Amino acid sequence: MSVLQAMALPAMPQRQPQPTKEFLNTPEKQGTPRAPWMAVRAPPPPAGTRWGLGGTCVNVGCIPKKLMHQAALLGGAIRDAGRYGWEVAQPARHDWSKMAEAIQNHVRSLNWGHRVQLQERKVKYLNVKARFIDKHTVLGVSKDKKETLLSADHIVIATGGRPRYPTLIQGASEYGITSDDIFWLKESPGKTLVVGASYVALECAGFLTGLGLDTTIMIRSIPLRGFDQQMASLVTDHMASHGTRILRGCTPSRVARLPDGRLQVTWEDRTCGKEDSGVFNTVLWAIGRVPETRGLNLEGAGVETNPESQKILVDARDTTSVPHIYAIGDVAEGRPELTPTAIMAGKLLAQRLFGGSSDLMDYSNVPTTVFTPLEYGCVGLSEEEAVARHGQEQIEVYHAYYKPLEFTVAEQDASQCYIKMVCLRQPPQPVLGLHFLGPNAGEVTQGFALGIKCGASYEQVIRTVGIHPTCAEEMVKLRISKRSGLDPTVTGC
Amino acid sequence: MPTSSPPGRRARVLSPGTSRPSSEAREELRRRLLELIEGNRVMIFSKSYCPHSARVKELFSSLGVDYNILELDQVDDGANVQEMLSEITNQKTVPNIFVNKVHMGGCDRTFQAHQSGLLQKILQEESAYEYDLIVIGGGSGGLSCAKEAAILGRKVMVLDFVVPSPRGTSWGLGGTCVNVGCIPKKLMHQAALLGQALRDSRKFGWEYSQQVKHNWETMTEAIQNHIGSLNWGYRLSLRERGVTYVNSYGEFVEHHTVKATNRKGQETYYTSANFVIATGERPRYLGIPGDKEFCITSDDLFSLPYCPGKTLVVGASYVALECAGFLAGLGLDVTVMVRSILLRGFDQEVAEKVGSYMQQHGVKFLRKFVPVMVQQLEKGSPGKLKVTAKSTEGPETIEGVYNTVLLAIGRDSCTRNIGLEKIGVRINEKNGKIPVNDVEQTNVPYVYAVGDVLEGKPELTPVAIQAGKLLARRLHGASSEKCDYFSIPTTVFTPLEYGCCGLSEEKATELYMKENLEVYHTLFWPLEWTVAGRDNNTCYAKIICNKLDQDRVIGFHVLGPNAGEITQGFAAAMKCGLTKQLLDETIGIHPTCGEVFTTLEITKSSGLAVTQQGC
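Listed in order, the protein sequences are those of chains A and B.
Sequential numbering from 1 applies to the first sequence in my numbering.
Sequential numbering from 1 applies to the second sequence in my numbering.
These aren't lab readings, by the way, just hints derived from the structure by calculation.
The structure displayed is predicted, hence computed values, not measured ones.
Relax, there's no trap hidden among the hints.
BS3-like cross-link-like pairs, simulated, lysine-lysine; straight-line CA separation at most 27 Å: (1) 347/A / 604/B; (2) 379/B / 364/B; (3) 186/A / 203/B; (4) 347/A / 580/B; (5) 259/B / 121/B; (6) 203/B / 191/A; (7) 203/B / 98/A; (8) 547/B / 347/A.
With these hints in hand, go ahead and build the complete structure from the sequences.
Structure (C-alpha cells):
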C-alpha cells in the first residue's frame, strides 16, 4: 500500500526542482521537467488490507462501492426480469468471491493505469512512506526500509483520510473491519452489522442487503448528517422496506468473538436504556474518517492543523500555513470529501503554480450522489440550510412523489421516489437546492448541477421541455409547492 | 363621410395607410377584425352598394336587432379587410355576417338560418355555442389542453376515436404516447435492457439457471395492463375536471360545428367557440402489394398477442431503430432495411454509432434497399412472409423470409378526413401537416392545433403537453406565454440510448459555419460496463460550442446508458445559457456517465484520439 501523490500536469512551464538525493527505479532523462510531488504512507488498517496507486476513490471508495452497488442493482434486475417476461429461476444466488475478484481486477487495472499515466507524463512515482524533516525536505521510507531524502520548491499534501475506529469499544479494532477492507474481502462477509449513519455506512449496508446478506445498520442519532433530512429519512425508509434492519438510537458497547468465530455485539438502546446484543459474521465500522496527518511530522515543517479535526488549515489558494506547502482533497480543512473536487482542486493548483493561472476552486454548489439502493442526488442547499439562511418565509419548495415508468411493470414500490427543488420565493425564484431520490440519481443530477451553476430559476427549469419517459423529466414538471399543502403525488403521464 | 343606416352603427377599422400592409400591420388588422366580431352581437361586413347586403340589413332591422356594419367600399383599406376576412372565414364575398361570434356566412345562409330558427336561437343564447372548447383527439397534446381549459373554468369536450389499424388494432384514451408510443416502447426497451442485465449479472457474481428464455406474452400482458390503467386514469382525470369525453370520431361539417360519429355510426353535432385539432399521426404504409394485408406497424406491435419471431423492420426512423433494438434484445432475429440514412434529422455521426452498436449486438442491416412486394407463404401466429426488395442504386433485387414485417417508414398526419376543407383550415397538401402561427392558430382564427399535426414542430409528447397547456392558458386569458420550440431535448431509446438537445453538428455547421464552432468530444466507458466486460470505447459524448458567442453550447449529444436521464438536466442548463466554461467549472458526480461532460478537453479540430483511458 502505497502512495506517492503527484499532480500530473505535463507541458507546463516549470521551475526546476531542487536536486534530490534519492535512488529511483526508473532512470530519469536529463532535463526532463519534473512536477512537484510529495510522498506519504499511511499505516495499514488493523485488518491488514493493502492496495495500489490511486487513493481512496479507486481502491476503497467510489469505484468499488459503485460496482458493488451495481451488483446489488443487478440482483433487483434479475427479480424484475421475471415480470418483463424473462424466465429466470428465482431466487438467484450471489457468489461474493466471483464479484469481488472481478471488481478487484478492475481496480488493479486502474492502479496500473495511474502508474502508466504518471510515467507517460514523466512524473516520478516513489512507493515510499513520507514525513517532513523540515519545510523543504521530506524523508521517504520504502517497504524495505530504504530511506530517500527529497526536497522540492513546492510540496502538496494529499494524503486523504482513513476510516475511524471507535476507541472505547472493546474488540472494535480486533474484530471489526472498515470500508478499507470490505471491498477486498475474498469471501462473503455474511451476516453483517454496519455501525454508523454516514453515506459510507448506508451505501455499504444497502449493497450488502441487495446481495442477499442479512444486514443490520446501527445508527446513533441521524442518518446522513449534513444532507437534507427529509431526503435522508426517505433513504432509510426505503432501505428498511427493502430488508435492511435498522437499529436507531443505539450505540455498540463491545464486540466479542464467539468460539465458532462469529462476533457477538452488545449495544445500548438509548431510546429505552436497555442493553441488547446480536451475533454477526462481520462488523463494519463506518462512523467517520480521520485525516492522514499524524505521521507526517507536520509540526516539523510548521504546517498547522485544526487540533479538533486534525485537518490541515488552508486558504482559498490551498496554501497551508507554510507558503510553499499546499493541501488538497480530504486532508484539507473545510473541503468537501469528494473525488471530483479533489481532482479539480489539484489541477487548478498546478495551473496556478506553473501555468500562470489565478483560477480558484469554487466549492459552492458541488453536486453529489449517495449510491444507496434508491440513489439520492443533490446539489446546492438542503431545505434546512436554505431556511436557516433565508428564513422560512423567503423559501418556496416544490416537490413531487413520482413513479418511475419501469417500476410499474416490475410492480416495485415507489413510495420513496421523491424530488424537491428549494427556491427563493421571490420571482423568478432562483433555485437554491435540488434533491432527487430515485434510480440513476447521479446521472439525473449532473446536468441540473450545471443549471444551478448557470443561475437557473424555477421558471427556467419548468420551461425546459421534458424527455419522455424518464425520471429526470419529473424535475421540470414540478408544480406543487409545499406551502400549497396540495398532494404532491404525480398522477398520469 | 360615410353614412350609416339606422339602427346600425358604423364601425371604423383602419387608420389611413398603405394598400399592402406589412405582416405586422396584417396581424393588427386581424386583431381589430376579431375585436369587431367578438365585440358585437351582430357584425356585418358589407359594401354599401351591394343588394344582398341591403337585404341582410333589412332582415336584422325587421328583427329589431342592433347590428354593426363595416362598409368595405367606404373605408380606406377595404381591399385588405376583404382579403383578411376571406382568410379568417374562407369566404371571399360580402356580406359576411357574424352573429354572437358565429360565422353565419353570406346572405343566403343567414336567411336559411332565419327560416330554420337557428338564427333566432343563436341570437337568444348567451353563448352561441354549446362548448367553449372542443378538442379533437385525446392524445398528450389534446388532453393537456382540455384539462387546462377546464381548470380555467371553461366548458370543454374531447372527441377521441381510434380508427383500427389495417390489422385491426385499436386502443383506449391517451393517444400515441400512452398506447402505441413512448410508454410501451420504453417498457419493451427496459425488458431488453433487463436481458442485458441478466448477462451482466453473472459477471457480478449472480448465479441462476443457464438457459434464460423470454416470454413475449408475459411481457406484453404486463405492459398492456399498465396501459389499461393509464387509459382509465385519463378518463378519470377528465371526469374529475368536468371535461366531457366522447368516444366518437370528430369531423368539421360547418363553421364552429363538428359531427361526432360513434362506433355504431350514430352521429351527433356539437358546436364550440374554439377548436383544437390534436389528431396526431398514424404510421405510413409503403403502398406496395401485400403491405396492408401482411405487414404490421408500431400501432400493432406493442399489443401483438404472439411473439413476432424473425422480424424485418423497414425504415430507419427512431421508431424503426428502437423497435429493432428491443426485439433483438429480447433474443429475436432482426433485420433492418434502410433506404438511405439512419435517424434523419439527428446528428449523423451519432446516428451511425447508434447503428453500429446495434449491428455489433446482432441486428442485421440491409442498406439501400426498399421492399417492393410482401407475400404470405404461411398463415399463423406468426406466419411466414416473403419480402422482395430492390436496391436503390441498381437493378439488384433480393428476397427474404420473415415471420413478421414491421413498417416504420414514417407517419402521416390525421388531417385529411376531419372536414378541415369544410371550414377552410389550410394544410400542407404534401404532408398533411397544419401550418400555425406562433400561438398555434391555424388560418381559421378559432381553430388551433397542437402536437404531431403541426408543421415544422417536433413530434414529442412533452412538447405537445406543454403546447396544449399554454394554448389553453392563452385562449382563456390566463397567460400570454408562448410555447418555445427551440432547444428541445429528446432521447432515442435504442439499445445504446442517444440523448440530445439543440443542434446536430450538420445543422450547426450550416447555421454558423464550421470555423465558428468548436466541437468537444470523447468516448467513454461506463464504470458498470468494465466489470461486465462490455465494449470499451462505444459510448460517446459531444458538445458543439459557438465560438462567436462565448463558447455557448448549442448542441449536446450523449450516447450511452441512461442518456435520457443525463440529457434532461443539461437541457435545463442550456435553457439558462450553458457555456463551455461553465461546464469546465462544474464538479462532476463520481462515478457517473454524466460527469464526462465536465471534463471534455479534446476538440475535433485538434484531431486527437478520443479513446478513453484511466479513471
